[in-house]
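Using the sequences and the hints given, assemble the complete structure.
The residues making up each chain are set out below.
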Amino acid sequence: MQNPAIAVTGISKTFRLHTQGGTEIAVFRNLSLGVDFGTSLALHGPSGSGKSTLLRTLYGNYRVDAGSICIRHDAGYLDLARAAPRQILAARCRSIGYVSQFLRVIPRVATLDIVADPLRQRGVDAADARARAGAMLERLNVPARLWPLAPATFSGGEQQRINIARGFVADFPILLLDEPTASLDAANRDVVVDMISEARAKGCAIVGIFHDADVRAAACDRVFELAPFRDAA
Amino acid sequence: MTTPDSRGGSYNFAYLDEQSKRMIRRAILKAVALPGYQVPFGGREMPMPHGWGTGGIQVTASIIGRDDVLKVIDQGADDTTNAVSIRNFFLRTTGVATTERTADASIIQTRHRMPERKLQEGQIMVFQVPIPEPLRWLEPRESETRTMHALAEYGIMHVRLYEDIARLGRIATAYDYPVQVNGRYLMRPSPIPKFDNPKLDRNPALLLFGAGREKRIYAVPPYTDVKSLDFEDHPFEVQSWDHTCALCGADDSFLDEIVTDDKGGRMFVCSDTDYCAERRTADGANAEAAE
Amino acid sequence: MSADLPLLRVSQVSHFYGDRAGCRDVSFDLWPGEIIGIVGESGSGKTTLLNCLSARLQPSHGRVIYRDRSEVMRDIYALGEAERRFLTRTDWGFVHQNPRDGLRLGVTAGANIGERLMAVGTRHYGNIRDTARDWLGRVEIDAARIDDLPPAFSGGMQQRLQIARNLVTAPRLVFMDEPTGGLDVSVQARLLDLLRDLVTRLKLSVVLVTHDLAVVRLLAHRLMVMQRGRVVEEGLTDQVLDDPHHPYTQLLVSSVLQA
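Chains as they are written, first to last, in the working numbering: chain A, 592 to 824; chain B, 2 to 292; chain C, 648 to 906.
In case anyone wonders, no lab produced these hints; they're calculated from the structure. If you're wondering where the values come from, they're calculated on a predicted model, not measured in any experiment. Certain hints may be false.
Covered by chain C, per the in silico footprint, the following chain A stretches (three or more residues, Cβ under 8 Å) [claimed, not checked]: (1) 651–661; (2) 670–682; (3) 691–703.
What follows is a list of derived Cβ distance ranges for each label pair [unchecked claim]: (4) B:R26 with C:G753: 33 to 41 Å; (5) A:Q611 with C:Q659: 31 to 39 Å; (6) C:Q705 with A:A818: 54 to 62 Å; (7) C:G773 with B:R93: 55 to 63 Å; (8) C:A817 with B:E145: 22 to 30 Å; (9) B:E145 with C:N774: 23 to 31 Å; (10) C:D722 with A:R813: 49 to 57 Å; (11) C:E728 with B:L30: 22 to 30 Å; (12) B:A175 with C:H771: 21 to 29 Å; (13) A:T610 with C:D748: 33 to 41 Å; (14) C:D831 with B:F237: 45 to 53 Å; (15) C:E787 with A:P637: 49 to 57 Å.
Ideal Cβ positions, reconstructed from N, Cα and C, are used throughout, including at glycine.
Laid out in structure tokens, this is it:
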């Protein structure tokens, strides 16, 4: 693999719950994986196998006990396991996007601005960013009357689509997707699958968790089994 | 005019003992060296209450000599209670000559006014100051106001002027209008009307300020720049009147409004009684000469 | 702006009250545009640290170095008092928990905003008014209230006025001590949103002290968790909150009620 988008080498993750008598939960041990640009990798394993945990470590959200998580960033590699906070934030601004299962709602901020935010952080001017955000929401069938509203009271499916729009609007070279289609109807699920395929075709490296086997088959060209690393932990 | 022999009485010349006078003179010298800076001094108790001008009296007592000619004014007049009692005090304790004529005086002690007649080199004005600290209105801590003076942190004075304009449409402060001396220290000019502020600027006389209760002395040496604070778009202005003096016809002096009867009758006359009298005498002389 | 030097460099700052340590051996760099949150319960030393950082309390040990506008790294406790006071009134801001500590209650809203401008030499009344009106708008206060006194304002408005008063000189670094404390929840949300918008737009660097994890989640890029005067955990805000390692941080995070 030359110039991979993501190169994970020998990472281990154990949670120590000090508030619960120091219980240790080993999630995975000595895990390595690589992802190329223009490919899509599905993380697979039974519930509790650490898929979400791994995805979060790839975003720098969870820390690892050992190993390195190198991602392509600004014509070089950044090891998220050792990077300073501001370096990780810079990578999240330009190089790596993440669509979580749940939208973190910010009081009073309009839907359109939530979606436009990743572009605004990169310095795209407000009008341009909003236009692109609007196009993305339209594609995901979020009615325009909702755009000026804060999504706190929206349904789960609506919030999920806003989250997806926010993840895809900025054309991140690396995209992490945590069950992006979980609460969507069939029509919207197909839209998301199309969006993933298009992103991959444009060279985006994708790592995702997809419960729906059809979606997984349509969106991914490779599956990564976590079970062996859990057993090793 | 009688001049009682001060040496015959039980008081020292000018009441204060010589040590106290020297101490006050040292404070005055320091004040002259740092124009506008408030010099603390060991104020003495005087045989009259604070508020009657004890600060100014101590300054005058420390600088007055046997050859001086003293004038004392209150609200511009020489014949009001405060002026008369202070003049009598120095008459009894020094025996120096006194005058009501600004031009003849070597020392002029004042409350509330500066004479209209331009002062000359060699003259000294002594101001009685009730509250010396211009920053006191916003900052009660003396340690903090001293730091603010030391660092020339004076922006807050403009906040006060800003408030005047915001609430009243103009800078309404009419007395004790803050000034900056020699481009450095912020100073309260004592409760003179702002009409008199331009007279502080580059005045040929030495201006001394004494605050008895707070025990501070400050000074504006001759020909020192004294600038009244203002805004570029709300420049400093002095009061003006639609009237001229009803007695002497002056259109350039500070006028007092006098109620003349119970039916609303009123007249405007010069607050500076000496200035007014001088003008009327001159008019009389001119009239006689014309006959 | 040279991005390869921090705006604030804090090295081994300790402050002792007699034998008791207020804060102990704290070091970090704050970068331009970065917001660092300091969390911990009362008595954890976060306010002592904030005062040490903001030139209000000389630390017993350690140094606080600030990169000034001429790109010179200055030890703030080696500055002369005049320089230090000027710095704190122009280049820095300080937002108090209680707006009454940060406002002049006896002068109008306009004068509260204009004071810093007048302190740095602005002498044009009309310009000061215009700037004050502009800032009232930015903090969502009706410009028609420019001549009202702060006590006539609600708590939330007072806090917004305090923020405007601090930001009017375009400071580069702002210290905030529980800026949303003491406000109703609905008022808090509005203030947080406003703060988030302002700090992003003005690219402010902020040291934010709070015990409210929701506030740092929303505003802070980085987090320091303090306990008994020491920093027990630090890192990216979402790392510390979502994957806390230290027992005390885990306790803090697990103690938050989920609404």
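Now for the hints, and whether the structure bears them out:
1. 651–661: holds (count 4)
2. 670–682: It holds, with 4 qualifying residues against the three required.
3. 691–703: holds (count 4)
4. B:R26 with C:G753: 33 to 41 Å: holds, 40 Å
5. A:Q611 with C:Q659: 31 to 39 Å: About 35 Å separates the Cβ atoms of Q611 (chain A) and Q659 (chain C), which means 31 to 39 Å holds.
6. C:Q705 with A:A818: 54 to 62 Å: For A818 (chain A) against Q705 (chain C), whose Cβ atoms are near 58 Å apart, the range 54 to 62 Å holds.
7. C:G773 with B:R93: 55 to 63 Å: Taking Cβ atoms as reference, G773 (chain C) and R93 (chain B) lie about 57 Å apart, which means the hint holds.
8. C:A817 with B:E145: 22 to 30 Å: Roughly 26 Å apart at Cβ, these two residues keep to the hinted range, so it holds.
9. B:E145 with C:N774: 23 to 31 Å: For E145 (chain B) and N774 (chain C) the Cβ distance comes to about 28 Å; the hint holds.
10. C:D722 with A:R813: 49 to 57 Å: Since D722 (chain C) and R813 (chain A) have Cβ atoms about 55 Å apart, the given range 49 to 57 Å holds.
11. C:E728 with B:L30: 22 to 30 Å: holds, 28 Å
12. B:A175 with C:H771: 21 to 29 Å: holds, 23 Å
13. A:T610 with C:D748: 33 to 41 Å: Holds - the Cβ-Cβ distance for T610 (chain A) and D748 (chain C), about 36 Å, lies within 33 to 41 Å.
14. C:D831 with B:F237: 45 to 53 Å: Once the Cβ atoms are compared, 46 Å apart, the range 45 to 53 Å for F237 (chain B) and D831 (chain C) holds.
15. C:E787 with A:P637: 49 to 57 Å: The hinted range 49 to 57 Å holds for E787 (chain C) and P637 (chain A), with Cβ atoms some 50 Å apart.
Hint check: no violations occur; every hint is consistent with the structure.
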